[in-house]
Amino acid sequence: MAPSPSPSSTPTRSTLTLRVNGEEHTLSVDHRTTLLDALRERLDLTGTKKGCDQGQCGACTVLLDGRRAVSCLQLAVAAEGREVTTIEGMAEDDRLHPVQQAFLDLDGYQCGYCTPGQICSAVAVIEEHAAGWPSAVTEDVRPEAGPPPLTAEEIRERMSGNLCRCGAYVSIVQAVARAAGTGAGRPAEGAESTEAAA
Amino acid sequence: MTTTTTSTRTPAEPKGSVGSAHTRVEGRDKVTGTARYAGDIPFADLAYGWLVLSTVARGRVSSVETAPVLEMPGVLEVLHHGNAPRVDRDFNGLMGVPPDPTTGLFQDDRVPHMGWPVALVVAETPEQAREAAETLVVNYEAEPHDVDFSGARPDAYALDGHMPAVTEKGDLEEQLAASAVVVDAEYTTPEEHHSMMEPHAATARWDGGRLDVLDSNQGATWVQNDLAKLFSLDPGAVRVRSEHIGGGFGSKGLRAHQVAAVMAATVLQRPVRVTMTRRQMFSLAGYRSPTTQRVRLGADADGRLRALEHDSLNLTSSVHEYVEPSAGVARVMYDADAHRTVNRVVRLDVPTPTWMRAPGEAPGSFALESALDELAEKCGIDPIELRVRNDPERGPVSGLPFAGRNLVACFREGARRFGWADRDPRPGLRRDGRWLLGTGTAAASFFAGAGPSTARVTAEADGTFTVRIAASDLGTGARTALALVAADALGVPADRIRMHIGDSDFGPAMIAGGSMGTRSWAWAITAAAGELRERLALSGDVPPEGITVRSDTTEAVRALAQKERHSFGAQFAEVAVDPATGEVRVRRMLGIFAAGRIINPLTARSQLVGGMIWGISMALHEEAVRDSGSGGLVGADLAGYHVAANADVALVEADWIDDPDPEDPVGIKGIGEVGIVGAAAAIANAVWHATGVRHRHLPIRPDRVLLAGTATGTDTGGGADA
Chain A
1 MAPSPSPSST PTRSTLTLRV NGEEHTLSVD HRTTLLDALR ERLDLTGTKK GCDQGQCGAC
61 TVLLDGRRAV SCLQLAVAAE GREVTTIEGM AEDDRLHPVQ QAFLDLDGYQ CGYCTPGQIC
121 SAVAVIEEHA AGWPSAVTED VRPEAGPPPL TAEEIRERMS GNLCRCGAYV SIVQAVARAA
181 GTGAGRPAEG AESTEAAA
Chain B
199 MTTTTTSTRT PAEPKGSVGS AHTRVEGRDK VTGTARYAGD IPFADLAYGW LVLSTVARGR
259 VSSVETAPVL EMPGVLEVLH HGNAPRVDRD FNGLMGVPPD PTTGLFQDDR VPHMGWPVAL
319 VVAETPEQAR EAAETLVVNY EAEPHDVDFS GARPDAYALD GHMPAVTEKG DLEEQLAASA
379 VVVDAEYTTP EEHHSMMEPH AATARWDGGR LDVLDSNQGA TWVQNDLAKL FSLDPGAVRV
439 RSEHIGGGFG SKGLRAHQVA AVMAATVLQR PVRVTMTRRQ MFSLAGYRSP TTQRVRLGAD
499 ADGRLRALEH DSLNLTSSVH EYVEPSAGVA RVMYDADAHR TVNRVVRLDV PTPTWMRAPG
559 EAPGSFALES ALDELAEKCG IDPIELRVRN DPERGPVSGL PFAGRNLVAC FREGARRFGW
619 ADRDPRPGLR RDGRWLLGTG TAAASFFAGA GPSTARVTAE ADGTFTVRIA ASDLGTGART
679 ALALVAADAL GVPADRIRMH IGDSDFGPAM IAGGSMGTRS WAWAITAAAG ELRERLALSG
739 DVPPEGITVR SDTTEAVRAL AQKERHSFGA QFAEVAVDPA TGEVRVRRML GIFAAGRIIN
799 PLTARSQLVG GMIWGISMAL HEEAVRDSGS GGLVGADLAG YHVAANADVA LVEADWIDDP
859 DPEDPVGIKG IGEVGIVGAA AAIANAVWHA TGVRHRHLPI RPDRVLLAGT ATGTDTGGGA
919 DA
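Chain order of the listed sequences is A and B.
Residue 1 is where the first sequence starts when you use this note's numbering, and the numbers rise one by one after that.
Residue 199 is where the second sequence starts when you use this note's numbering, and the numbers rise one by one after that.
The hints are simulated quantities; they were obtained by calculation from the structure and are not laboratory data.
Every value quoted in this text rests on a predicted model; they were computed, and no experiment measured them.
One or more hints might be untrue.
Stated by the list, open to error - Which residues of chain B face chain A? A partial, calculated answer using Cβ under 7 Å: (1) Gly225; (2) Pro240; (3) Ala242; (4) Glu583; (5) Ala845.
Unchecked claim - Distance windows between CB atoms, simulated: (6) A:Arg67 to B:Pro858: 46 to 52 Å; (7) A:Leu73 to B:Pro283: 45 to 51 Å; (8) A:Trp133 to B:Thr333: 42 to 48 Å; (9) B:Glu743 to A:Leu73: 23 to 29 Å; (10) B:Glu658 to A:Ser9: 52 to 58 Å; (11) A:Glu83 to B:Ala837: 57 to 63 Å; (12) B:Gly434 to A:Leu73: 41 to 47 Å; (13) A:Val137 to B:Glu384: 36 to 42 Å.
Where a beta carbon is used, it is the ideal one built from N, C-alpha and C, also for glycine.
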């Protein structure tokens, strides 16, 4: 939906309202501002990361109306009227989203920079799969076949828009599988938490 | 052929925190997006700097047309060689070498390579800075450039780096002539880029007469020291903080962005952030030089080496001598009656290469461990047995004893778990539908050292303990590992430890590099914690301000006896090759390492597996292609430069054998780099086993596989020099 011209619009700026993680923010933005930069530089939601700024790495992945999108390739003015969900909106108060908890428990990361994008993607992957969306490795793509088993191969394919240079893919696949409740991938050993004093 | 890997054994339950799996101390911050990286920290009045890079590969800047850009909305300043603050680059930095040449940006009109920084545009918003930077006209007097790297360069010369350029003993030609079997082959590896997910970013500001830099780096005190020297400041007048780092891999030292940010903050007297764009990183962030390596092996019929020569050539820039010491790996791995290694360089009009994960060992092990596999084939000996027969008792060049060399144990354990005993050594025999299958193995090693560090440990009145050390957690898990080490040294549970790292105000400490970070920092923390524990034993009362003990390991580290100190490992890979498309898939990998005491199995496994995935990426994907005409890279971004994605990685497992270093207070050796070493060779050797054709040039691209074809049965053919 295109934003309706408001009195405060100029040829290079518009005032718009962004709905992020259920909260509305009204701000005046340069038309060149990407959704990514609006989140990071204007709303101080820096959990969404800039890895390449050209749609190649997935670090800036957010959910737009529940579907994943790379926010570096979205203009902020084009996001008005849409529901934006970022990594900051995944947990409910102190309770982590099951995907976040699985990444934490199974060490599905190292440096953590791609992690917010991985988690946003993973949340959407689980929903896309449950809704019966096929992937490039799905054998039977007929609608009546229903969702394919969420195998490790399916998860790898569906998560390949998010690069992780540290190479945490093996645990990422395990974390997505655990969160999806399928048990795909090899279970990791239990880990004690050292969070208390962090 | 086995299709599964035997699962992990259950280790004995360790006492204390070290040795048991712990999730990351900062894990919750990372999965909720609240961990602030260098580019995430807000400042009132922040200005944004955007670098402008040269569009010629050699020449001079004749003019910078700043006037129109300064008229653009929001533009505050354009810095270039005509107006930028001066810096002093006449020093050796904390790493013992001159600072990277790009730290001398804007000092003169010379352009030594494509993508050299020629200006910085500073504006009120990132959009304004970017548009102004893209608008800025810079005129050049271009000169002819030379970027063509090859093994035939007549202007190559031997160069010492952190090790001597040349080592030799015995008469190589005589021993080769006396050998029953000879391997003589050339191997090449391409230009490779670190490509960590977080681009380099720094915010500089003057705060009460002190320069405060929020950065993403591998050593806060390193960057602090070098920045102070560069700007002729007292080190105490500079503070560098680097709390969370989105990967480093050797690239995150002092570079153009911090220097540009400090210049602009000084000129404008307000906070300025400079972030490299992904494309800029391909010329400003360093990279691994391409290599051309020749390996000659001569052996008796039973595989015992009589002659070993490893000659490596890499490129460096016209403004810095960097050596990628690929021949160094042969000085550790195998002995021979005649033994010669040499590292050479050639200077070209290219950006300056630098350390990248396992510098030397990563490309060097590809050549040497591929050559060993060729020798095993020619001798008709199992590749593991060949390595066992040639396992030296002392350093082949140094003659020094090894401080633990458990390589053979790694091979034995790995062979058992991988199912190596069932392997038919003949190539080109196994099929799975359209796929040809093969397995391969290779050895890994990386230097295990320690650097001087200081640490402070405080007993707080509330019963907790605070550790302060200028360590860097690049994603290695160092912060968590150090908390476990501190807990055991103090005899308390890990949840009583508060870790503060990444701040130059904590005092000198080793960088996160050379697989030495965690070991060096753990040493200092152990020393301080031990003394604190003694003090607390004398008097249990802790005053409100706490009791603090500071340690400095300079003397202790210097007192380490001269030995051959290394981590070792055995890499195994199973590949599938589609001869119709040339596609190579790694179906599974197993790495077994002897790498000292493992502090946190959860994060250690992640790091070793990550290194092995770098090996997959190196073997099959990564290649930066330089265009002779322009002198720049073709497709300098993450689409043109492919690093392994999730779908490229199947089953990768890492494990270790018990191998504590008795001369380290905690038993650590280091695990940061050994995971990549030998991994590409194991994959290339598996491709030979699948197809019967040797691939001596990385990456093993589909076109190379197609051109090389296959050799079936025992007709093994020659090599693929595509």
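Evaluation of the provided hints:
At a threshold of 7 Å, the smallest CB-CB gap from Gly225 of chain B to chain A is about 5 Å, leaving the interface hint in force. A distance limit of 7 Å between C-beta atoms decides the matter here; for Pro240 of chain B the minimum to chain A is near 6 Å, and the interface restraint holds. At a threshold of 7 Å, the smallest CB-CB gap from Ala242 of chain B to chain A is about 12 Å, leaving the interface hint violated. A hinted interface residue such as Glu583 of chain B counts as satisfied when its beta carbon comes closer than 7 Å to some beta carbon of chain A; here the least separation is about 30 Å, so the hint is violated.
Here the hint on Ala845 of chain B is kept, as its CB sits about 4 Å from the closest CB of chain A, short of 7 Å. Restraint check, Arg67 of chain A to Pro858 of chain B: a C-beta distance of roughly 50 Å satisfies the suggested window 46 to 52 Å. At roughly 37 Å, the beta carbons of Leu73 of chain A and Pro283 of chain B sit outside the given window of 45 to 51 Å. Between Trp133 of chain A and Thr333 of chain B the beta carbon distance is about 43 Å. The supplied range of 42 to 48 Å therefore holds.
Taking the beta carbon of each, Glu743 of chain B and Leu73 of chain A are about 52 Å apart, not inside 23 to 29 Å as hinted. Between Glu658 of chain B and Ser9 of chain A the CB atoms are about 55 Å apart, so this pair conforms to the stated range of 52 to 58 Å. Separation of Glu83 of chain A from Ala837 of chain B is about 29 Å and departs from the stated range, judged on CB atoms against 57 to 63 Å. For Gly434 of chain B and Leu73 of chain A, the hinted distance range of 41 to 47 Å is satisfied, since their beta carbons lie about 45 Å from each other.
For the pair Val137 of chain A and Glu384 of chain B, the beta carbons lie near 38 Å from each other, so the given range of 36 to 42 Å is met.
Comparing the model with each earlier hint shows violations of hints 3, 4, 7, 9, 11; every other hint is respected.
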